[in-house]
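A.B. asks: Residue-level listing of the chains:
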Amino acid sequence: MFENLIYLDNASSTRMDERVLDVMTPYFLDKYAVATSEFGYSAGIEAREALDDARGRIASTIGASSEEIIFTSGSAESSNLALKGVAKSAKKGKNIIVSKIEDFPVLHSARSLEKDGFKVSYLNVDKEGFVDTNELARTIGDDTILVSIQHANQEVGTLQDIGAVARICQEKNVLFHTDATHTFTRVPLDVKTIPADLVTLSAHTIHGPKGIGALFIRKGTPLTRLIDGGFQEFNMRGGLENIPSAVGFAKAAELVTQEENDKIRRMRDRLTDRLLSEIPHTMLNGPKLKRTPQNANVTFHYVEGESLTLHLDMRGIAVSTGSACFSKSLEASHVILGIGGDHERAHGSVRFTFGRYNRMEDIDYVVASISEIVEELRKISPLGKGGYT
Amino acid sequence: MKFPYTEKVLEHFRHPRNVGKLEDADGKATEGSPACGDMISVYIKVDDTTKTIRDVKFESYGCASNIATGSIITELAKGKTLEDAKKISWKQASDELGGLPPIKTHCSVLAVDGLREAIRNYEEKHGLSTEKEPTTIEVIQKRLKHVMNPLTGLDVVRTELVGDIRIEKGKISVLVDLPENHQFSPVIRSEIMEKLETLWDVSGVEVKFTE
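Protein sequences appear in the order of chains A and B.
The numbering of the first sequence is the numbering used here, which starts it at 1 and goes up by one.
The numbering of the second sequence is the numbering used here, which starts it at 1001 and goes up by one.
If you're looking for bench data, these hints aren't it; they were derived computationally from the structure.
As the structure is a computational prediction, the values presented were derived from the model and not from experiment.
Hints should not be assumed to be uniformly reliable.
The calculated label-pair distances, taken between Cβ atoms and stated as ranges, are [stated by the list, open to error]: (1) L5/A to D1024/B: 53 to 61 angstroms; (2) G117/A to I1137/B: 51 to 59 angstroms; (3) D1164/B to M314/A: 44 to 52 angstroms.
Below, computed lysine-lysine pairings styled on DSSO-like, alpha-carbon distance capped at 30 angstroms [said to hold, decoys possible]: (4) K1002/B to K210/A; (5) K1021/B to K1208/B; (6) K379/A to K1208/B; (7) K219/A to K88/A; (8) K1002/B to K1045/B; (9) K1080/B to K94/A; (10) K379/A to K1091/B; (11) K379/A to K1145/B; (12) K88/A to K127/A; (13) K379/A to K1028/B; (14) K1078/B to K379/A; (15) K1080/B to K379/A; (16) K1002/B to K379/A; (17) K379/A to K1171/B; (18) K379/A to K1125/B.
The beta carbon of each residue, even a glycine, is placed where N, CA and C say it ideally should be.
Looking at chain A on its own, in the form it has when it is part of the complex (with noise of 0.2 angstroms):
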């Protein structure tokens, strides 16, 4: 049915790899048994054997040890596990410190334990989406416990510095957390020379398993689990390990290579280099240059960003917008709004995030039909002809 589809939209989900359902299936037909521990059955030795495999794998990918990684249900379960398991474990201070931009995991369980009477911080950030360190250090005082700074933003794509980030928390001795969700094997982290305390991983963004993602806890880190069980993943998440995911996480993490993240950038490169030089009044949302391979995001002045996700949808391309109309809260893009830009700005941005699957020969398909639509949608627009420009 969606054969033919030109996804763009990779940074939501993306295709799961043929060679990860493959290293997952025997898991789910054969290797059933539940890991048990070392006396337990053979069955049950096997499939701890495998989880415990996996686990080391995730780990390299970051520079972590393996005692340090915990399989989670996805990143919106490990960004919560790392804001309110901290929170629950804080003997003193109640603030916490996030960026206005973060994604909506971190964003919302900041705004949950604002409720539960903490005293949460929201950074702004400058027009490209960055966070100031200098204001980092103002902000952080004697009551503050944790800092949350992604390491990439979901919409436009910013990489933050955090490293800088990371050692301003370490010298004023607050815990760190960074969602990476959307930088995970696309841009390089390691846990040993950033000294993040804490750190969300996705596997359904590079073309793993949904519902499956990790939190790495550095050895030492205070954290109260939220989910209470059985003893699994080090007494930190109760619950059946889901070894068939965490299979096909290790093996999503080990496909992506150097050359596809080169490859998939050209693409992205090519594909905003067009669209910027080719549409009259239209802008880039986030960095020229320090933003991830996968991400371009461009605002079409004049344009509502529903009517062209819409138009693109019909013609079997597949992106996302900020627009409100978009959205299932009917709210444009806090991210748009947050590096500064109005709610036409939102409204018109149109979000391109790139994958295993995209190829370059579609991406002049990709301009053509958007340049069509924005000039159509552009000729019944009562913006932009003279009046609110």
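Knowing the structure of chain A, use the given hints to seat chain B on it.
C.D. replies: This is chain B only, laid out in the frame that chain A set:
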């Protein structure tokens, strides 16, 4: 493919009827603003003797519901008397389109309001307004809620861009909190004039700027 809209909505979305601007419109109105994500302008040409809508056009900055509703109401309104055209309801437009998603009600109501406001604009210009409510500060504020503040995309009243409003012996004076040479000042002035000049008991409108 699976879309959240009916075939008819998609058809009008893809090929909207009566799109554009009528330069010599007898009545016109703009509803919504880029802040709420949707904005529509409706223009009408009216036969002065028969009081029927000879031509109607619309422009939309909006989502599929907004565009499709704009298209269908212009089809419904063309050739109708002003009285009949005023009665075109959101329900009727939605039914004609085979139904609209409930969450998109707001976007489509704007189009219906746009048509009604354009008719009112015509009636007031021609002294046909049946409402002879005396113009008060409240009436003026209500009208100005339809003028948007381009700096924020919200209306000029809510964003307090309009400060002091005075009315004396049929003359209105409005103070706008912007320098007179600001890029948006001329547009805001003309939009405010347009909304207020047609009030039946108003003989003059003056728009002043703080600098």
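A.B. asks: So, for every hint listed, does it hold in this structure?
C.D. replies: Against the structure, the hints:
| no. | hint | result |
| --- | --- | --- |
| 1 | L5/A to D1024/B: 53 to 61 angstroms | 46 angstroms, violated |
| 2 | G117/A to I1137/B: 51 to 59 angstroms | 44 angstroms, violated |
| 3 | D1164/B to M314/A: 44 to 52 angstroms | 50 angstroms, holds |
| 4 | K1002/B to K210/A | 22 angstroms, holds |
| 5 | K1021/B to K1208/B | 29 angstroms, holds |
| 6 | K379/A to K1208/B | 33 angstroms, violated |
| 7 | K219/A to K88/A | 18 angstroms, holds |
| 8 | K1002/B to K1045/B | 39 angstroms, violated |
| 9 | K1080/B to K94/A | 65 angstroms, violated |
| 10 | K379/A to K1091/B | 28 angstroms, holds |
| 11 | K379/A to K1145/B | 26 angstroms, holds |
| 12 | K88/A to K127/A | 34 angstroms, violated |
| 13 | K379/A to K1028/B | 18 angstroms, holds |
| 14 | K1078/B to K379/A | 21 angstroms, holds |
| 15 | K1080/B to K379/A | 27 angstroms, holds |
| 16 | K1002/B to K379/A | 27 angstroms, holds |
| 17 | K379/A to K1171/B | 38 angstroms, violated |
| 18 | K379/A to K1125/B | 29 angstroms, holds |
In summary, the structure is inconsistent with hints 1, 2, 6, 8, 9, 12 and 17 from the numbered list given earlier, while agreeing with the others.
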